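Chemist: Residues per chain are reported as follows:
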Amino acid sequence: SQQGEEDPQALSIQEGENATMNCSYKTSINNLQWYRQNSGRGLVHLILIRSNEREKHSGRLRVTLDTSKKSSSLLITASRAADTASYFCAPGKGFQKLVFGTGTRLLVSP
Amino acid sequence: EPEVTQTPSHQVTQMGQEVILRCVPISNHLYFYWYRQILGQKVEFLVSFYNNEISEKSEIFDDQFSVERPDGSNFTLKIRSTKLEDSAMYFCASTTESGNQPQHFGDGTRLSIL
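So the protein lines, in turn, are chains L and X. Residue 1 is where the first sequence starts when you use our numbering, and the numbers rise one by one after that. Residue 111 is where the second sequence starts when you use our numbering, and the numbers rise one by one after that.
Calculated directly from the structure, the hints in this document are not laboratory data. Since the structure is predicted, the reported quantities are computational estimates derived from the model, not experimental observations. Glycine residues also receive a C-beta, built at the ideal position from the N, C-alpha and C atoms. Among these hints, one or two may not hold up.
[Claimed, not checked] Calculated cross-link-like contacts (lysine-lysine; reagent style PhoX-like; alpha-carbon spacing at most 25 angstroms): (1) 69(L) - 56(L); (2) 93(L) - 69(L); (3) 93(L) - 167(X); (4) 193(X) - 26(L); (5) 26(L) - 152(X); (6) 152(X) - 93(L); (7) 70(L) - 152(X); (8) 188(X) - 152(X); (9) 70(L) - 26(L); (10) 93(L) - 26(L); (11) 152(X) - 193(X).
[To be verified] Coverage of chain X stretches by chain L, computed from C-beta distances (three or more under 8 angstroms per stretch; other residues unrestricted): (12) 125-137; (13) 154-160.
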């Protein structure tokens with residue numbers, strides 16, 4: 001299937017620290033998308049990295065993609081309490097459905 | 111920034127009743143999706159829609175479900191005879207025809223079946 005599996009399942013850090021989340025997948029992809037979900041809310045698109053890209057930055061976010069290992073990582077630098085949320089990766093292929101895993105629950109304490 | 115909007119934010123319905131969830135996708139988007147998330151579980155795909163027809167549907171999307179694009183802006187999900195297990199957050203998403211673009215999600219409708 002095209003599901004991404006996030007690791008770790010949960011991550012607890014202090015404000016100001018960096019948070020790294022990893023994603024593994026099994027199929028070929030056109031892109032990989034990262035989303036954030038605050039409790040009870042919708043999925044917010046964070047960043048999309050294409051299969052021919054190795055690294056991408058957006059503000060405090062840095063995403064890497066290694067298609068040979070079928071893995072990606074999301075780094076959030078200088079975390080804030082407002083970053084507390086669940087984070088999901090979703091391998092993308094054309095306009096096909098996204099298949100979500102259980103995500104990484106990030107808790108950033110003040 | 112354009113966004114996907116969903117109404118209502120919360121819908122409470124008696125079991126067996128019909129419910130229609132509404133979505134306004136981003137205006138230049140042509141691919142539309144419905145997902146749902148039962149409390150504490152994963153986000154699950156229901157159906158995708160393009161060019162006025164269903165592109166793909168999951169096994170959850172049985173005969174009780176239907177989708178429609180009644181006009182140029184709305185995209186609806188109808189559940190004909192709701193069951194208790196239909197209680198969930200329902201998310202609409204859309205994306206452009208350009209390819210390699212993200213799906214943008216609405217804030218969801220919380221459906222509670224009594």
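Chemist: Check each numbered hint from earlier against the structure, then list the numbers of those it violates in ascending order.
Modeler: Failing hints, ascending: 4 and 12.
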